[in-house]
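Please model the complete structure; the sequences and the hints are all you need to start from.
If you're matching them up, the sequences are chains S and G in order.
Reading the first sequence from the start, the letters are residues 1 to 265 in my numbering.
Reading the second sequence from the start, the letters are residues 1001 to 1290 in my numbering.
Bear in mind the hints are in silico, worked out from the structure with no lab data behind them.
Fair warning: there could be bad hints in the mix.
[Unchecked claim] With beta-carbon atoms standing in for the labels, derived distance ranges:
(1) S:29 to G:1082: 23 to 31 Å
(2) S:163 to G:1201: 47 to 55 Å
(3) G:1151 to S:21: 23 to 31 Å
(4) S:163 to G:1251: 53 to 61 Å
(5) G:1211 to S:22: 25 to 33 Å
(6) G:1211 to S:171: 44 to 52 Å
(7) S:111 to G:1045: 30 to 38 Å
(8) G:1257 to S:62: 20 to 28 Å
(9) S:186 to G:1066: 45 to 53 Å
(10) G:1045 to S:93: 47 to 55 Å
(11) S:230 to G:1187: 55 to 63 Å
(12) S:163 to G:1282: 30 to 38 Å
[To be verified] Dumping the calculated BS3-like pairs for lysine-lysine here, alpha-carbon to alpha-carbon at most 25 Å:
(13) G:1282 to S:100
(14) G:1183 to G:1109
(15) G:1183 to G:1282
(16) G:1194 to S:10
(17) S:10 to G:1183
(18) G:1109 to S:10
(19) G:1194 to G:1183
(20) G:1194 to S:3
[Said to hold, decoys possible] Beyond 12 Å from chain G on every Cβ pair, some chain S residues (computed):
(21) 51
(22) 52
(23) 60
(24) 61
(25) 62
(26) 64
(27) 79
(28) 161
(29) 181
(30) 184
(31) 185
(32) 189
(33) 191
Predicted model only: the values in this text are computed from it and were never measured.
The beta-carbon is built from N, C-alpha and C at its ideal position, and this holds for glycine as well.
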Amino acid sequence: MSKLASLLGKVIVWGTVVTTLVYLWVPLAVDLVMSLEPGNVLRFPTTGVSLRWYEFFFSNPIFHNSMIVSFTLAAIAAILAVVLAIPSSMAFVRYNFPGKGVLSSLFTAPLATPAVVLGVALLYFFMVYFGVSFSSLVIGHLLLTFPYALRTITATMFGFDRSLEEASMSLGANTLKTFRKITLPIISPGIVASFIFGIAVSLDDVGTASFLVNPNTITLNIQLLAYWRWALDPTVGAASAFLILIGVALTLIADRIVGLERFLF
Amino acid sequence: MNVSNVIRRYSLVVFVAAVGVILFGMFFLVPMFLLLRTSFWQYAPNLGSMRYMRPAFTLENYANVLTGAYLDIDILTIRIGLVCTVAAVTLSYPLAYWFARYNGHANLKRFVLITLIASFLVGTIARVFAWFMMLTGGGFVNALISLFGLERVRFLGTELAIELCQVQYLMSIATLSLISPLKNVDPRLEEASKSLGAEEIRTFLNVTLPLSLPGIVASSLLCFAVSVSAFVTPMVLGKGAILMVSNMVYTYYLDISNYPLGSAFAVVLLLTSFISMYVLEKVLLSRVRI
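In structure tokens form, the structure reads like this:
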């Protein structure tokens, strides 16, 4: 009886491991395969192998422009998030000040806010006050990326030996030099992880951006959805294959530079 | 404490306060307040002036959102959220258990971790279109089905399609959030249970499972908050036949310009998500987090 139960446990556990790997990889693999379809209609198995829809995707100015918008937006949002998160996390970890608890809750609030709700609130706000522009998108994405950056960088700050900074200061280095030579190198894994996460979060977003784009600032995701609505050709397959490769590349870079354990939460 | 320390401390605190007031006060709290205010206003389309509403205090929009045909959408959203949450956590628990409690298999574990994080970072659009290709009439799953000589099945436009795609995404979140609570279960407690004669399965049921329960609750709440907020997945895989609350917000704002009703939908969705995250914070009270 005991042996049977233990065997059952092993079967469940190993069955789940195999199922997960299949479940998570097969759709992505199917996307890569079906995007090679030479014809106009998505089908499996494909009628041949061609890069026709990749060529179409990468040469089409509509997608080209929206890719520039998306990558610019992601880079700005990720960099700003890191730049704001470094001093913020230093203040949080090292000092007590009135309102600390409130600020800490406020900074994590966007994580609990559905993307669509954030988008619609910002749309209305910008319609009333500043006008909707590329900056609206940047602010929307900064609100999405900042909480991740703050959390990740704060985590690296917790294990920080402050006597290193004090030693540097007592040896005559000023605040800025101490930050550059001591603090920055120690927290750099957190910074890299935040940056990678920021890029991924911004490139992932549809809900917030769908309310804040104007004809000149259509992000790649919104453009793909718009295209998908009126043309069911394999272009979206090629485009998602491209996005899958970006996602996998970001993961491998993160693994290489900072280790994936940092992403456990 | 010398002068430069005081200046450093002062400037860091001022900085973080400025981020709070400018970025989060002006661009988060004020917009949320305006959204809340609009949800009590009255829809009054006037094409001549391009105004769609007038200031008022009415609960009409909430009454609309929470009754009749829209109630069905709320229920559908919660049902999909619950199904996805249960499926994701049930599937993720044994995986996280394996990851946290089994020895060895270092390379396989690394590959599984890469898989989970890659699947997370691949992004919604790629994931949704990948599932579109899996489930479409001439897609992969139907090709498999026809190998067995069976009729094609229509997946797109069903709740199942949305749930399959959502659970794939939630697997990453659920597993990554279950690994730490399972690692934190003290192995000595399990050994004690075993040395006192309990079988492996009873040790699991009486020791490991109860001790990891807070982790399970936390992970479920996180999955629930994420899955009720689904937007693109129902849009693409629901094919217009299945609409969730997020889609109603979009429709009422951008297609119909009934901002008050759209805002009421948004507030209801926001509250659902906030409440689950608030409970989550309470569950995780003992863990250090920011």
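Return holds or violated for the Cβ distance of residue 111 of chain S and residue 1045 of chain G against the range 30 to 38 Å. 35 Å, holds
Given as non-interface: residue 184 of chain S, partner chain G, CB spacing beyond 12 Å: Nearest chain G Cβ is 15 Å from residue 184 of chain S, so the label holds.
Reported absence of residue 185 of chain S from the contact zone with chain G (all CB gaps over 12 Å): 19 Å, holds
Minimum Cβ distance from residue 62 of chain S to chain G greater than 12 Å, as the annotation requires: Given a closest Cβ separation of 15 Å, the condition holds.
Satisfaction of hint between residue 100 of chain S and residue 1282 of chain G, Cα-Cα up to 25 Å: Between residue 1282 of chain G and residue 100 of chain S the Cα gap is close to 18 Å, so the pair holds against 25 Å.
Can the restraint linking residue 1194 of chain G and residue 1183 of chain G be considered satisfied, given a maximum Cα separation of 25 Å? Holds, at roughly 18 Å.
Do the Cβ positions of residue 1211 of chain G and residue 171 of chain S conform to the proposed distance bound of 44 to 52 Å? At roughly 48 Å between Cβ atoms, residue 171 of chain S and residue 1211 of chain G fall inside 44 to 52 Å, so the hint holds.
Consistency of beta-carbon spacing, residue 22 of chain S to residue 1211 of chain G, with hint 25 to 33 Å: 30 Å, holds
Is the claim that residue 191 of chain S lies outside the interface with chain G correct, judged by CB distances over 12 Å? Label holds. Min Cβ-Cβ 16 Å, cutoff 12 Å.
Are the Cα atoms of residue 1183 of chain G and residue 1282 of chain G separated by 25 Å or less? 21 Å, holds
Is the Cβ of residue 181 of chain S more than 12 Å away from each Cβ in chain G? 16 Å, holds
Please test the hint of 20 to 28 Å on the beta carbon pair from residue 1257 of chain G and residue 62 of chain S. At 26 Å between Cβs, range holds.
Comparing the model with each numbered hint stated earlier shows that all of them hold.
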